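Novice: Keeping their order, the protein sequence lines are chains A and B.
full-length UniProt numbering puts the first residue of the first sequence at 1, with every later residue one more than the last.
full-length UniProt numbering puts the first residue of the second sequence at 1, with every later residue one more than the last.
No lab work stands behind these hints: they were computed from the structure.
Please note that the accuracy of each hint is not assured.
Said to hold, decoys possible - Some but not every residue of chain B turned toward chain A, in silico, with C-beta under 8 Å:
{"no.": "1", "residue": "Asn81"}
{"no.": "2", "residue": "Leu157"}
{"no.": "3", "residue": "Asp252"}
{"no.": "4", "residue": "Leu326"}
{"no.": "5", "residue": "Thr466"}
Computed from a predicted structure; not experimentally measured.
For every residue, glycine included, the Cβ atom is placed at its ideal position computed from N, Cα and C.
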Amino acid sequence: MAGGVLAVSALVLTGCNRHQSALAPFGLEARSTLGLTVVLTIGAAAIALAVAAIYVAAARAPEGRLSHKGGMRLVLWLGAIIPTVVLTALLLWALPAMRPLPAEAGDLRIRVEGEQFWWRVAYRPPGAPPLFSANEVRLPVGRTVVFELAATDVVHSFWIPGLAGKMDMIPGRTNRLVVKADKPGTYRGVCAEFCGLSHALMAFDVIAMEPAAFDAWLAAARTAPPRPQDRGAALFAREGCASCHAVADNGTRDIGPDLTRFGERLTLGAGILAPTPENTAAFIRDPHRFKPGARMPAYAHLSEDEALALARWLKRTSPEEGR
Amino acid sequence: MSLHDQDDPALRAAQEQRLRAVWEPPKGLFLRWSDTNNNQVGKWYVLTAFGFMLFAGVLALIMRTQLAAPDNDLVGPGTFNQLFTLHGSVMMFLFAVPMFEAVSIILLPQLLGARDLPFPRLSAFGYWSFLLGGVFVSGSIFFDAAPDGGWFMYPPLTTRTDLSGLGADIWMLGLSFIEVSSVAAAVELIVGVLKCRPPGMRLNLMPLYAWYILVVAVMILFAFPPLIAGDVLFEMERLLDWPFFDAARGGDPLLWQHLFWIFGHPEVYIVFLPSIALFAMLVPTFARRHLLGYPWIVLAAVGTAFLSFGLWVHHMFATGLPKISLGFFSAASEAVAIPTAVQIFVFIVTLWAGRVVWSTPLLYATGSLAIFVIGGLTGVMVALAPFDWQAHDTYFVVAHLHYVLIGGTLMPLFAGLYYYWPLVTGKKLSDRLGRIAFWLIFVGANLCFFPMHLSGLEGMPRRVFTYPEELGLGGLNLASTIGSFIIAAGVAVIVFDLCRSPWRKRAPRNPWQAGTLEWLALPEDENWGIRSIPLIESRYPIWDQQDFVRKVDEGRYFLPDAEEGRRETIITSVLDARPVSVIRLGGPGWKPMLTALALGGVFILTTYHLYWPALVCGVVTLAMVLWWLWTGTAEIPEKPCKPIGHGMELPLYISGSASPGWWAMFITMMADATAFSGLVFGYYFFWTRHEAFPPAGMTAAPGMTWPMVALALGLAGWLMTVAAREIHTRGGVGTARLLLVGGLATSIAGVPAGLAGPWLSGMDPTAHSYPAIVWTLAIWTCLHAAVAAIMQAYVLARSLAGRMTPHHDADIRNVTVYMHFFALTVVAAYATIGLFPEVA
Chain A
1 MAGGVLAVSA
11 LVLTGCNRHQ
21 SALAPFGLEA
31 RSTLGLTVVL
41 TIGAAAIALA
51 VAAIYVAAAR
61 APEGRLSHKG
71 GMRLVLWLGA
81 IIPTVVLTAL
91 LLWALPAMRP
101 LPAEAGDLRI
111 RVEGEQFWWR
121 VAYRPPGAPP
131 LFSANEVRLP
141 VGRTVVFELA
151 ATDVVHSFWI
161 PGLAGKMDMI
171 PGRTNRLVVK
181 ADKPGTYRGV
191 CAEFCGLSHA
201 LMAFDVIAME
211 PAAFDAWLAA
221 ARTAPPRPQD
231 RGAALFAREG
241 CASCHAVADN
251 GTRDIGPDLT
261 RFGERLTLGA
271 GILAPTPENT
281 AAFIRDPHRF
291 KPGARMPAYA
301 HLSEDEALAL
311 ARWLKRTSPE
321 EGR
Chain B
1 MSLHDQDDPA
11 LRAAQEQRLR
21 AVWEPPKGLF
31 LRWSDTNNNQ
41 VGKWYVLTAF
51 GFMLFAGVLA
61 LIMRTQLAAP
71 DNDLVGPGTF
81 NQLFTLHGSV
91 MMFLFAVPMF
101 EAVSIILLPQ
111 LLGARDLPFP
121 RLSAFGYWSF
131 LLGGVFVSGS
141 IFFDAAPDGG
151 WFMYPPLTTR
161 TDLSGLGADI
171 WMLGLSFIEV
181 SSVAAAVELI
191 VGVLKCRPPG
201 MRLNLMPLYA
211 WYILVVAVMI
221 LFAFPPLIAG
231 DVLFEMERLL
241 DWPFFDAARG
251 GDPLLWQHLF
261 WIFGHPEVYI
271 VFLPSIALFA
281 MLVPTFARRH
291 LLGYPWIVLA
301 AVGTAFLSFG
311 LWVHHMFATG
321 LPKISLGFFS
331 AASEAVAIPT
341 AVQIFVFIVT
351 LWAGRVVWST
361 PLLYATGSLA
371 IFVIGGLTGV
381 MVALAPFDWQ
391 AHDTYFVVAH
401 LHYVLIGGTL
411 MPLFAGLYYY
421 WPLVTGKKLS
431 DRLGRIAFWL
441 IFVGANLCFF
451 PMHLSGLEGM
461 PRRVFTYPEE
471 LGLGGLNLAS
481 TIGSFIIAAG
491 VAVIVFDLCR
501 SPWRKRAPRN
511 PWQAGTLEWL
521 ALPEDENWGI
531 RSIPLIESRY
541 PIWDQQDFVR
551 KVDEGRYFLP
561 DAEEGRRETI
571 ITSVLDARPV
581 SVIRLGGPGW
591 KPMLTALALG
601 GVFILTTYHL
611 YWPALVCGVV
621 TLAMVLWWLW
631 TGTAEIPEKP
641 CKPIGHGMEL
651 PLYISGSASP
661 GWWAMFITMM
671 ADATAFSGLV
681 FGYYFFWTRH
691 EAFPPAGMTA
701 APGMTWPMVA
711 LALGLAGWLM
721 TVAAREIHTR
731 GGVGTARLLL
741 VGGLATSIAG
751 VPAGLAGPWL
761 SGMDPTAHSY
771 PAIVWTLAIW
781 TCLHAAVAAI
791 MQAYVLARSL
801 AGRMTPHHDA
811 DIRNVTVYMH
821 FFALTVVAAY
831 ATIGLFPEVA
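Work the whole structure out from these sequences, hints included.
Specialist: And the structure:
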């Protein structure tokens with residue numbers, strides 16, 4: 001076993017990820033859980049070693065070293081009293097961490113709905129109309145954010161390991177998860193409840209921003225970026241993409257992911273591909289190659305050239321490229 | 001204790017001759033499968049469960065190969081989802097639970113010095129059901145039709161027919177069939193422990209394995225029925241579109257999660273406690289002394305069982321339940337660690353106080369304790385809700401549960417395999433191969449599962465068919481995959497060892513010098529179980545009772561003969577094991593197998609929506625059961641009593657609560673009532689989920705009149721049956737028959753009366769969860785009324801055919817037990833659907 005542990009440690013050192021890990025927190029909840037994890041791990045290791053040591057001593061002891069009375073006393077102390085005391089102390093210490101962060105009416109609410117196999121996102125800042133998006137969550141560092149989590153088709157689970165524990169998204173219910181990010185950066189969240197064929201391919205990008213930058217982004221995002229009236233626009237109209245995807249009118253179509261600000265997304269297809277025009281074109285022509293079970297039909301009849309034109313047009317909704 | 005007749009070797013040889021003839025297993029290529037004796041059925045059962053374990057292990061190896069590298073494409077998501085669903089389902093339903101029952105069917109009669117279990121044909125029925133259902137469920141993967149919704153089958157993914165196919169029905173119906181056989185085996189084992197102990201073996205002298213069998217079988221009895229209730233609702237939604245789990249029509253996916261985990265958590269202890277039971281047998285043997293703290297370990301087992309029913313919500317910490325309930329279930333989940341610690345330390349102090357003799361079984365026991373302790377400690381971690389919110393549904397939990405199940409089920413079973421192989425086959429397994437296999441499995445398990453703690457915390461969710469390279473989890477996963485193949489190599493060594501066993505020389509009798517009763521078994525095959533049924537004065541009679549083995553072998557105890565040429569065993573009283581009767585056991589026959597086939601037809605044909613053939617199979621099943629009961633139970637013996645030696649005479653016929661049949665009915669009905677409670681729970685769960693239930697605007701309701709009529713009819717049928725039993729006992733056969741006719745009429749009338757409420761008010765069960773659950777309760781109760789009618793007609797027929805008399809009245813007494821439970825069902829169901837809406 002020692003060899004295994006060594007090999008494991010070596011592997012761990014080579015393969016740490018910093019953007020989707022409960023061991024690399026960027027929020028208050030995940031940070032306090034990591035503290036709990038460290039204490040629990042040390043405690044568990046100490047108890048495991050102690051039990052092993054007692055077992056070895058017991059197996060080596062000569063016959064009759066332990067009397068019946070002594071044995072019963074050991075069972076009472078080691079089996080009953082000490083575990084009861086340790087576990088009671090642990091509960092009293094750890095359960096207060098269950099208390100959710102306090103949230104106020106003025107806090108930013110973000111509604112996220114799980115779909116097979118993507119995320120519908122709506123920012124609901126206090127006193128302003130909602131802003132729709134998909135497959136990406138941005139949040140301001142240092143401010144309390146309330147996620148409202150729901151699902152329409154099957155059970156999903158919303159998990160940003162670096163930010164907080166997970167919370168299920170259950171049809172017919174709305175669950176709340178209160179978080180506070182404390183370190184800006186780009187992270188990743190995933191679906192943690194098995195939800196069908198492409199459960200493994202259901203992720204999203206999480207961007208924790210400085211509050212001022214977030215406010216600026218939210219304000220700018222309200223205006224749809226200018227889009228050229230080119231071949232791509234014609235294809236978008238001809239193929240009826242707009243019956244599922246919104247590209248301009250905030251939230252009018254939400255059968256499929258909102259593509260208004262598709263150009264600024266860091267990934268394609270709910271966190272699974274680099275958002276290059278080539279990947280986008282390939283996805284449009286055959287989504288099921290990348291995402292088995294996805295609801296989007298294949299547009300295989302589009303030529304590569306057409307698909308690429310459509311992809312470039314979608315990409316141009318990026319503010320940088322639109323400028 | 002002298003019985004001079006037995007001094008005569010010629011007499012002993014004649015007795016042995018008769019016993020051998022009576023217990024002779026059927027021979028021949030076909031006939032051998034009609035056997036019902038626990039030795040044969042137990043062996044088939046163990047081999048089949050072992051085969052399913054190997055099969056599920058191969059599925060796991062394919063998964064680990066797929067996950068060895070990031071973005072791998074050995075198998076696609078469709079196949080992968082079938083692989084993990086089947087791996088979990090097969091390991092749980094076709095390996096862990098049946099293996100416990102199989103081992104117990106072999107061992108229990110030996111441990112209790114009984115000739116067989118009280119209902120050998122029920123064991124055979126359970127085995128054939130298990131085989132048929134198991135092959136049906138696991139074979140589906142070869143047709144790419146295996147269930148793919150996870151072993152937990154969460155709706156709506158699994159109930160929506162547009163999102164899930166035939167696999168979901170195969171899971172639900174195939175495994176429901178197996179759950180029936182599990183409950184049947186549980187009934188058999190409980191009655192076996194309570195009623196088939198040898199004279200003098202009071203409860204506090206029982207071998208610990210028997211205690212654990214009792215505890216675990218009782219757990220099965222209360223844990224499986226909620227799942228069966230869930231299965232009923234689930235299939236009603238899939239086949240008939242009744243919206244129990246559809247939020248859009250007033251259902252709730254969480255109802256399934258509750259019902260599943262009320263089963264699912266006790267299930268963990270159902271598969272873990274039998275392993276502790278094996279330790280409790282082998283640790284004293286290799287410590288060469290009595291187990292220290294017998295009352296402690298019994299109390300701890302009972303405590304674990306009790307607590308295990310209060311933990312299910314820890315599988316649902318992330319579903320957004322109120323924090324107060326999470327706190328309660330966190331605390332309860334931690335509390336279960338305490339009885340577990342007591343059990344572990346009882347073994348440690350026993351080894352401490354004794355003289356440890358190292359052996360292969362003890363090596364496996366030691367290794368599994370080491371692995372189990374790690375799994376238990378990570379269990380303490382995940383029991384804390386805040387930690388669980390991170391760990392839940394990640395590879396951390398995969399690591400935790402495999403540490404628990406490998407340390408708490410698989411390796412203890414291997415310990416038991418090496419320990420008990422000589423008992424079953426007369427040959428020892430190779431110590432050298434056993435040790436090689438042990439080290440491969442031990443190192444492999446740690447290499448496979450330890451890294452998963454880290455990959456889970458580093459963001460790897462469960463049930464993913466692949467993971468992106470950027471996560472940097474390739475190294476950890478590769479280590480896990482290598483570990484999994486090392487485990488497989490270890491298991492392969494064990495299989496090789498088993499295959500070589502027939503060519504090894506016979507081991508001496510009781511090769512480990514153990515002190516418990518089961519080691520009386522002779523290395524040569526003798527099917528009779530035990531030569532004479534001993535009087536027990538100690539927990540370790542072979543060690544403590546003078547000349548014990550010789551006296552048993554020379555037939556100096558009870559029932560040393562089979563004068564009438566019948567298979568017999570002694571029935572004793574529940575608490576202090578006073579002999580109360582001798583029962584005749586069923587011998588070989590085809591009825592158990594044919595009944596299992598017919599019942600399997602009901603479940604399997606329903607899967608393919610072949611409702612008419614399924615109905616035919618249902619009728620055949622009923623006919624088979626009645627034929628079986630008519631020809632093989634409550635037989636009036638040719639003489640009232642028989643001597644069993646030492647001047648004791650025991651009756652050959654008993655009825656009422658002294659008889660095993662009464663207990664079997666009572667225990668079965670406890671399971672039935674638990675399943676019904678699951679459905680009633682569904683009704684009140686919906687009530688808590690809706691502001692008004694029946695929902696506002698839902699005008700169709702059963703009203704009060706018809707449910708009250710049905711209630712009155714049900715209670716009248718119950719009263720008439722109870723009165724019939726009383727008057728019958730006093731000799732009033734004619735009056736009793738009249739009362740039974742009256743009861744039969746009310747039971748039959750109860751069926752339309754029960755359905756009239758929802759039917760006449762036009763309740764549409766597909767519209768909303770309210771009419772759906774009302775219909776379900778009404779149909780359940782009416783089915784029970786129909787069964788009551790069949791039973792009353794059966795008893796009447798028995799009486800008319802002269803197979804039931806005021807003295808030989810087991811049939812009516814057993815049916816009365818059914819009627820008591822039926823009356824409870826009627827009251828609960830009709831009060832819920834008829835009265836509750838008026839007061840709520």
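Novice: Determine for every hint whether it applies to the structure shown.
Specialist: Each hint, compared with the structure:
no.: 1; hint: Asn81; verdict: holds (7 Å)
no.: 2; hint: Leu157; verdict: holds (4 Å)
no.: 3; hint: Asp252; verdict: holds (6 Å)
no.: 4; hint: Leu326; verdict: holds (6 Å)
no.: 5; hint: Thr466; verdict: holds (5 Å)
Checked against the numbered hints above, the structure breaks none of them.
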